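Heads up: the sequence shown runs through residues 690 to 1016, numbered per our numbering.
Where hints are given, some of them may not hold.
Derived lysine-lysine pairs resembling DSS-like cross-links, with alpha carbons at most 30 Å apart [what the hints assert, rightly or not]:
hint, residue 1, residue 2
1, 827, 983
2, 794, 873
3, 822, 747
4, 873, 827
FYI, nobody ran anything at the bench for these hints, they're computed from the structure. Since the structure is predicted, the reported quantities are computational estimates derived from the model, not experimental observations.
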Amino acid sequence: MKPSMGPIRPPSEAYSMLVRATKNCPWNRCTFCTVAKGQKFEIRPVETVKADILSHKKMVEDIYEYAERSGHRIGEIARYNDIPWLLDDGVNSVFIQDSDSLIMKTEQLVEILEFLRQTFPTIERVCTYARGKTIFNKTLDELKQLRAAGLSRIHMGLETGDDELLAEIRKGATAGEMIQAGRKAIAAGLEVSAYIMPGLGGQERWEQHAANSADVLNAINPRFIRLRTFHLPGGTPIYEKAERGAFHIQSIEGVILEVRRFIEALEVTSELITTDYAHNYYLGYVDAKLPEEKERLIGDLDNALADWRSRGEPKRNPFWGGLNRHL
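Working from the sequences, and respecting the hints, build out all of it.
Right under this line is the structure:
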């Protein structure tokens, strides 16, 4: 039986084995998101998830057997069969799908994590998405249980640290709750990878978006900060707002200035990562370890800004996703 696969995972989990504990999104109200619209949320039974893990194990055993007979390397056979998560030394990384696995009862997710580690002893890292409000609602003891069972990292969609914007995009959490969630996860021994959307405030609120997002991240000090430039997907409430003229999407120059302002205000020891996302193409190579490379990073942004000013703006805004998706 083929394991169930969800539609999303972070780019950094491209070589992770995917294990689907939940289907779709339990919140599903964010005004900018189309991923699970019209789809019913489901917490998959623990035994069903375990069956998927055993299906993955059967695939691995089949490859091991073929490698022994053929003399080929395990990783080579795995890649040829579109199984990038199996390396020569086994399965190292796992990503628990879909969008908010921590919504499960803690004891259920602990059982899955422990079974996963028992089935694949070579695992070094297990990551998952989780909503800030879901993390906020977990107790510190529950998060520690998840860490002890093998969970390594939480990918948390902060999007913005501005309360006005958080309410408008219907994120379902306040900036204060996001801060408490991130701090609690770190206190439990989990790595936090926090996501920010440059451009989300449009031309009207870019300054408060940049400043307040930096404030929240300064309070959390996550392991990673990942930028995911906002583009305008068709069929969403925020797209309809833009069509009415109530939201004006940022220009490329405006977003670069916003990112610069955001980074200037950061006081963290995080890794800033931008190059793993297609819509960040305008930034060039600005990944950096903070605070050591902050000055270099701002210089890179100034170079990107000068480059775009020399080219002039595109005739059509590439962030207007419904009309001109840039992929």
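Taking the hints in turn, this is what the structure says about them:
1. Proximity of residue 827 to residue 983 is assessed by CA-CA distance (about 34 Å); at most 30 Å being required, the pair is judged violated.
2. Proximity of residue 794 to residue 873 is assessed by CA-CA distance (about 18 Å); at most 30 Å being required, the pair is judged to hold.
3. Simply put, residue 822 and residue 747 have alpha-carbon atoms about 37 Å apart, too far for the 30 Å limit, and the pair is violated.
4. With a C-alpha separation of about 9 Å, the suggested pairing of residue 873 with residue 827 holds against the 30 Å cut-off.
Checked against the numbered hints given earlier, the structure breaks hints 1 and 3 and satisfies all the rest.
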